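Peer 1: Sequence:
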Amino acid sequence: MNIEQIRDYCLTKPGVTEDMPFGEDILVFRVGEKIFLLTSLSQGDRFNVKCDPEHAIELREQHTEVQPGYHMNKKHWNTVYTNGNLSHRQICNMIDHSYDLVLKSLPKNIREQIK
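Note that the numbering used here gives residue 27 to position 25 of the sequence shown, counting from 1, and the numbers run on in steps of one.
Since the hints were made in silico from the structure, they are not lab data.
Note that the structure is predicted; figures quoted are calculated from it, not measured.
Here a beta-carbon is modelled for each residue, glycine too, at the ideal position from N, C-alpha and C.
If you anchor each label on the Cβ, the simulated ranges turn out as follows:
| id | residue 1 | residue 2 | range |
| --- | --- | --- | --- |
| 1 | Gln69 | Asp10 | 22 to 32 Å |
| 2 | Gln69 | Val30 | 12 to 22 Å |
| 3 | Lys110 | His57 | 19 to 29 Å |
| 4 | His57 | Thr14 | 17 to 27 Å |
| 5 | Asn4 | Tyr72 | 12 to 22 Å |
| 6 | Asp27 | Glu114 | 31 to 41 Å |
| 7 | Thr66 | Glu35 | 32 to 42 Å |
| 8 | Asp47 | Asn75 | 18 to 28 Å |
Here are the simulated DSS-like pairs of lysine-lysine, each with C-alpha atoms no more than 30 Å apart in a straight line:
| id | residue 1 | residue 2 |
| --- | --- | --- |
| 9 | Lys77 | Lys117 |
| 10 | Lys77 | Lys106 |
| 11 | Lys117 | Lys15 |
| 12 | Lys36 | Lys106 |
| 13 | Lys117 | Lys36 |
| 14 | Lys77 | Lys15 |
| 15 | Lys15 | Lys106 |
| 16 | Lys77 | Lys110 |
| 17 | Lys36 | Lys110 |
| 18 | Lys117 | Lys106 |
| 19 | Lys76 | Lys110 |
| 20 | Lys15 | Lys110 |
| 21 | Lys76 | Lys15 |
The task is simple: from the sequences and hints, build the whole structure.
Peer 2: As structure tokens, this is what we get:
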């Protein structure tokens with residue numbers, strides 16, 4: 003998956019917005035104002051996603067392309083490299099997991115507005 007495919011996939015999810023609050027190179031995807039994915043436009047071969055801490059460790063042990071989150075809380079974030087070794091479905095599952103975690107963390111009234 004390339005950066006455009008990742009962007010297109012993220013934008014299909016309910017309530018997702020994109021912005022660049024950290025400068026012209028970092029593209030951020032949010033749900034309910036909370037970040038669930040961010041990526042560098044100049045280094046489009048990787049992105050960061052939120053992850054359940056136990057699941058994050060499992061993914062890191064199973065895939066060399068999944069590393070502790072670069073410049074993020076390494077307990078809750080993974081950096082995923084899209085160098086072709088992970089399938090489209092695996093990448094989408096990681097994005098889905100991150101989106102779902104963040105969505106569940108939002109107040110009920112905001113979640114109801116999004117769905």
